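Engineer: In case you want the letters, here they are:
Number of protein chains: 2
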Amino acid sequence: MADRTSSSPRADAAPTRSWWGWGDPAQALPDAECAALAALVPGAADTALPVPPIASLELPPVRVSAPRTLAHLVSGDPADRAGHTYGKAYRDVVRALNGDLAAAPDLVAFPREERDVVDLLDWAAGADVAVIPYGAGSSVVGGVEYRAGAHAGVLSMDLSGMDRVLETDRVSRAARIQAGTLGPGLEAQLRPHGLTLRHFPQSFEFSTLGGWLATRAGGHYATLHTHIDDLTASLRVVTPAGVSESLRLPGSGAGPSPDRLFLGSEGTLGIITEAWMRLQDRPVHKASASVLFDRFPAAVDAVRAIAQSGLHPANCRLLDPGEAALSGVAAEGTSVLVLGVESAHHPVESRLAELVALARDHGGSPADGSPASGGSAAGAWRSAFLRMPYVRDGLARMSVISETFETACTWDRFPQLYEAVRRDVGAAVREVTGAKALINCRFTHVYPDGPAPYFTVIAPGRRGSEVAMWDEIKAAAIRTLGEQRATVTHHHAVGRDHRPGYDRQRPDLFADVLRAAKRTLDPAGILNPGVLFDTAR
Amino acid sequence: MADRTSSSPRADAAPTRSWWGWGDPAQALPDAECAALAALVPGAADTALPVPPIASLELPPVRVSAPRTLAHLVSGDPADRAGHTYGKAYRDVVRALNGDLAAAPDLVAFPREERDVVDLLDWAAGADVAVIPYGAGSSVVGGVEYRAGAHAGVLSMDLSGMDRVLETDRVSRAARIQAGTLGPGLEAQLRPHGLTLRHFPQSFEFSTLGGWLATRAGGHYATLHTHIDDLTASLRVVTPAGVSESLRLPGSGAGPSPDRLFLGSEGTLGIITEAWMRLQDRPVHKASASVLFDRFPAAVDAVRAIAQSGLHPANCRLLDPGEAALSGVAAEGTSVLVLGVESAHHPVESRLAELVALARDHGGSPADGSPASGGSAAGAWRSAFLRMPYVRDGLARMSVISETFETACTWDRFPQLYEAVRRDVGAAVREVTGAKALINCRFTHVYPDGPAPYFTVIAPGRRGSEVAMWDEIKAAAIRTLGEQRATVTHHHAVGRDHRPGYDRQRPDLFADVLRAAKRTLDPAGILNPGVLFDTAR
Numbered sequence: 001m002a003d004r005t006s007s008s009p010r011a012d013a014a015p016t017r018s019w020w021g022w023g024d025p026a027q028a029l030p031d032a033e034c035a036a037l038a039a040l041v042p043g044a045a046d047t048a049l050p051v052p053p054i055a056s057l058e059l060p061p062v063r064v065s066a067p068r069t070l071a072h073l074v075s076g077d078p079a080d081r082a083g084h085t086y087g088k089a090y091r092d093v094v095r096a097l098n099g100d101l102a103a104a105p106d107l108v109a110f111p112r113e114e115r116d117v118v119d120l121l122d123w124a125a126g127a128d129v130a131v132i133p134y135g136a137g138s139s140v141v142g143g144v145e146y147r148a149g150a151h152a153g154v155l156s157m158d159l160s161g162m163d164r165v166l167e168t169d170r171v172s173r174a175a176r177i178q179a180g181t182l183g184p185g186l187e188a189q190l191r192p193h194g195l196t197l198r199h200f201p202q203s204f205e206f207s208t209l210g211g212w213l214a215t216r217a218g219g220h221y222a223t224l225h226t227h228i229d230d231l232t233a234s235l236r237v238v239t240p241a242g243v244s245e246s247l248r249l250p251g252s253g254a255g256p257s258p259d260r261l262f263l264g265s266e267g268t269l270g271i272i273t274e275a276w277m278r279l280q281d282r283p284v285h286k287a288s289a290s291v292l293f294d295r296f297p298a299a300v301d302a303v304r305a306i307a308q309s310g311l312h313p314a315n316c317r318l319l320d321p322g323e324a325a326l327s328g329v330a331a332e333g334t335s336v337l338v339l340g341v342e343s344a345h346h347p348v349e350s351r352l353a354e355l356v357a358l359a360r361d362h363g364g365s366p367a368d369g370s371p372a373s374g375g376s377a378a379g380a381w382r383s384a385f386l387r388m389p390y391v392r393d394g395l396a397r398m399s400v401i402s403e404t405f406e407t408a409c410t411w412d413r414f415p416q417l418y419e420a421v422r423r424d425v426g427a428a429v430r431e432v433t434g435a436k437a438l439i440n441c442r443f444t445h446v447y448p449d450g451p452a453p454y455f456t457v458i459a460p461g462r463r464g465s466e467v468a469m470w471d472e473i474k475a476a477a478i479r480t481l482g483e484q485r486a487t488v489t490h491h492h493a494v495g496r497d498h499r500p501g502y503d504r505q506r507p508d509l510f511a512d513v514l515r516a517a518k519r520t521l522d523p524a525g526i527l528n529p530g531v532l533f534d535t536a537r
Numbered sequence: 001m002a003d004r005t006s007s008s009p010r011a012d013a014a015p016t017r018s019w020w021g022w023g024d025p026a027q028a029l030p031d032a033e034c035a036a037l038a039a040l041v042p043g044a045a046d047t048a049l050p051v052p053p054i055a056s057l058e059l060p061p062v063r064v065s066a067p068r069t070l071a072h073l074v075s076g077d078p079a080d081r082a083g084h085t086y087g088k089a090y091r092d093v094v095r096a097l098n099g100d101l102a103a104a105p106d107l108v109a110f111p112r113e114e115r116d117v118v119d120l121l122d123w124a125a126g127a128d129v130a131v132i133p134y135g136a137g138s139s140v141v142g143g144v145e146y147r148a149g150a151h152a153g154v155l156s157m158d159l160s161g162m163d164r165v166l167e168t169d170r171v172s173r174a175a176r177i178q179a180g181t182l183g184p185g186l187e188a189q190l191r192p193h194g195l196t197l198r199h200f201p202q203s204f205e206f207s208t209l210g211g212w213l214a215t216r217a218g219g220h221y222a223t224l225h226t227h228i229d230d231l232t233a234s235l236r237v238v239t240p241a242g243v244s245e246s247l248r249l250p251g252s253g254a255g256p257s258p259d260r261l262f263l264g265s266e267g268t269l270g271i272i273t274e275a276w277m278r279l280q281d282r283p284v285h286k287a288s289a290s291v292l293f294d295r296f297p298a299a300v301d302a303v304r305a306i307a308q309s310g311l312h313p314a315n316c317r318l319l320d321p322g323e324a325a326l327s328g329v330a331a332e333g334t335s336v337l338v339l340g341v342e343s344a345h346h347p348v349e350s351r352l353a354e355l356v357a358l359a360r361d362h363g364g365s366p367a368d369g370s371p372a373s374g375g376s377a378a379g380a381w382r383s384a385f386l387r388m389p390y391v392r393d394g395l396a397r398m399s400v401i402s403e404t405f406e407t408a409c410t411w412d413r414f415p416q417l418y419e420a421v422r423r424d425v426g427a428a429v430r431e432v433t434g435a436k437a438l439i440n441c442r443f444t445h446v447y448p449d450g451p452a453p454y455f456t457v458i459a460p461g462r463r464g465s466e467v468a469m470w471d472e473i474k475a476a477a478i479r480t481l482g483e484q485r486a487t488v489t490h491h492h493a494v495g496r497d498h499r500p501g502y503d504r505q506r507p508d509l510f511a512d513v514l515r516a517a518k519r520t521l522d523p524a525g526i527l528n529p530g531v532l533f534d535t536a537r
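Protein chains in written order, with this note's numbering: chain A, 1 to 537; chain B, 1 to 537.
Just chain A, same shape as in the assembly:
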């Protein structure tokens, strides 16, 4: 069976997906566009790394085989194995482009129903096969890549065949949804009911509900209910020890929340198969405005006042001067605050006016034509936002180092964090690449007690050393966040790449508890080993 070349058992309707880079292969940047982009980065390569054909890839031999009763769910096809080797971090893309697929899983499973997940886990636990739960593979933290090296085999468990909304409750505005459902399919199935989850991470098209839940994904809303956690009414999880299902409730104070144990467990404790999610009516009233600031600290103060006002804007995105310049939305040195308000029920203009007034109180100037009722500017921004990962891939093909990292800290710490990142990560980039980094910042989410800043770092790399250079820069970023007592991640998860920061950040006793939970739920230690914590084997 090592040479299994029959067609994959994945669902026929499954969309084509890039095996090496982001999303839809048809949207990858052509070589000329890659080169044009790289021309903007002094010191970048002038030819694009070629994408190797799948047939040319050297995959390690398949070491295990599924029992006959499960064979129809499992693929050893090279394309499936190559496509499930990595997530979509910069270092993943570069390694794939280099044809480095030593970490490929032996097999990829495509369960169609929960019973399949149970049976596959039963087999894997008995056969010492590590299981990597896989939604759509958009992890940027090494969350779906096996690195442990100690198991008899590795199975990537692709949930994308479990993609249905199973039940809706219109009166409570909730739905029971299978974990493998991708963002667009989820919204398409809710639309006839007039409902929406309104959880729009940047990966929306290429990530699943189960992935969002397992990684505590952050969505569209800038304030209030930012993480998927708060939209979750109950979870159903298959573990090697059995199935856990929580009671669907609007709120409860009965013991510690069982759902909060699995939210963020990143596949180490079980595989989420379905969830009751809290939904919303589709918004019909929308309004947005942009406000310009000469001084970034004044803009930060304005955002803090807004975050503490109780007005809960749907959008509250602050771009620092570098980010604003890169986006082409403002003159040199100007910070831009984009505000958006929406409601399914009542007009929102007066609330937007209150928000703009707060911004003005802190020295902001509403941009021309603002406030506006959304429309084309928001649409253009959304397109650019969804396009960014493809641009990152194009830069990777030009050996340009590109890294985004996001965090959260309290307001009292932010000014110091902002300076430290620019100073210390900038120094690391100079040390590693010899060049000056472009380091920009925006706020993706804001809370009454602090912002979630998102940093973009771009610098020219050396062909052949991209991964090593990226790793050093990433290490500096993680170190700086730890020194500043900011979280190693606000919504990108921990995976394997963020472990150095996470190990320092979380209470040691809590790691002991997670290990104890794992011994209880996954006694054979097969589920996503190395993510979040190490376990003795």
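Just so you know, the hints here were simulated from the structure itself, not pulled from any lab data. Misleading hints may appear alongside valid ones.
[To be verified] Some but not every residue of chain B turned toward chain A, in silico, with C-beta under 7 Å:
{"no.": "1", "residue": "D169"}
{"no.": "2", "residue": "G242"}
{"no.": "3", "residue": "L249"}
{"no.": "4", "residue": "P256"}
{"no.": "5", "residue": "R278"}
{"no.": "6", "residue": "W411"}
{"no.": "7", "residue": "Y447"}
{"no.": "8", "residue": "P448"}
{"no.": "9", "residue": "A517"}
As the structure is a prediction and not an experimental result, all values here were calculated from the model. Virtual Cβ for every residue (Gly too), placed ideally from N, Cα, C.
Fit chain B to the known structure of chain A by using the hints.
Structural biologist: Frame of chain A, contents of chain B only:
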């Protein structure tokens, strides 16, 4: 030391507290008032049970003694032991009135700083002394009463000497607060900073921050951030295995939330010693209105529309016709919805108008003089609300059975739940007491996906059988909630009394995880045994 009668080591400034009933002994109802109340309940007793003098109580002998280095923190005084035997459930009050104090702890400890908590736990773990964490003893679920029977001794750990706000961060609106701080002291210490926690459970005067955190208390706000959980930025917890402290963050997606493990752990995993809490500016704009409904189902629909509107009223309290009549606020058969809006930042009249319009759309009629700007009506309601536990004690002295239980369910289930509680708990009351129960309902909190209904049950009991009768009625209530798939508690915690419902409600695997967490953090099994789950000894 069994006869230690020296003065208690509790703080001199500690307020006098009723040892048998609610709160301040000076506010207990005089006998005549008890009798007048009971006259409203056909079949009630006509004389009040006397309150036994402490000197007359027969307490079990003290079996253990603290080491010399800790003796100054520990009391074996009968008044301390009697006052720490029970919480404040109906059955607790009746047993205390009957002088039944067989469950009294051997000792009561009054730590003054975290080091004391560590040392006391070290001693207790080595001496097989069970430790019952105790804030101010307002538990109504047997949360502070030792029932396990298997330990060498029992220590009640009273945190009320650790009552300070240690640090404030005005810019992030947060404070680091010791767990033993009572509600009024907490607000008094925040007031000079212009800040407030604004968490006002009914027990506010006689409960502590640590108790709120350990039990996932519900506060003042009817919507949005109802539980203390969402106001918590980080926790510091002393466990027998060491101290766990989480990083203070406005939001994070780094692994499962460590705080959510301790929130609701009810003293079984560790003793919370301090927390960083998210605060708010003190509100200056307030407005409220009452709306009357002829039909309760229409009122429920109105509340659902409001809960799903995104308008987040601070108050949204719906009284069913029985509750409204008892409160004297409406004519027979009328349901009353009380709405309140408040803000520290912007006028709220337009938002109140939107809420009232929604209620009117569903058939509601604004009451005379409504909307109003708060003031006396709200103040009168608040006084009555805080007085209720004293009234309950007065009824207990007249052998009237009085039970309140609260829950939450999704909107689709509420109509059936409401009928089932009135039918099945009503039948149980008739069976047990031979009388027709008064069963009223109000919503204390509402969410987009469902309400938190709070039921009051009043019926005449038989002197000497009050506890047995109450237990049967409580069992019927718990059974009914379970059958209706409603939570056994929304904000009163599980303790020991709610175990039958909790054991049925929570996933079995989650209980296994909690036991594994306990083996990790409390290997000697001394912390609050029997709460939430059983452990092998």
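Engineer: Now, for every hint given, state plainly whether the structure supports it.
Structural biologist: So, going through the hints one by one against the coordinates:
| no. | hint | verdict |
| --- | --- | --- |
| 1 | D169 | 5 Å, holds |
| 2 | G242 | 6 Å, holds |
| 3 | L249 | 5 Å, holds |
| 4 | P256 | 4 Å, holds |
| 5 | R278 | 5 Å, holds |
| 6 | W411 | 4 Å, holds |
| 7 | Y447 | 4 Å, holds |
| 8 | P448 | 6 Å, holds |
| 9 | A517 | 5 Å, holds |
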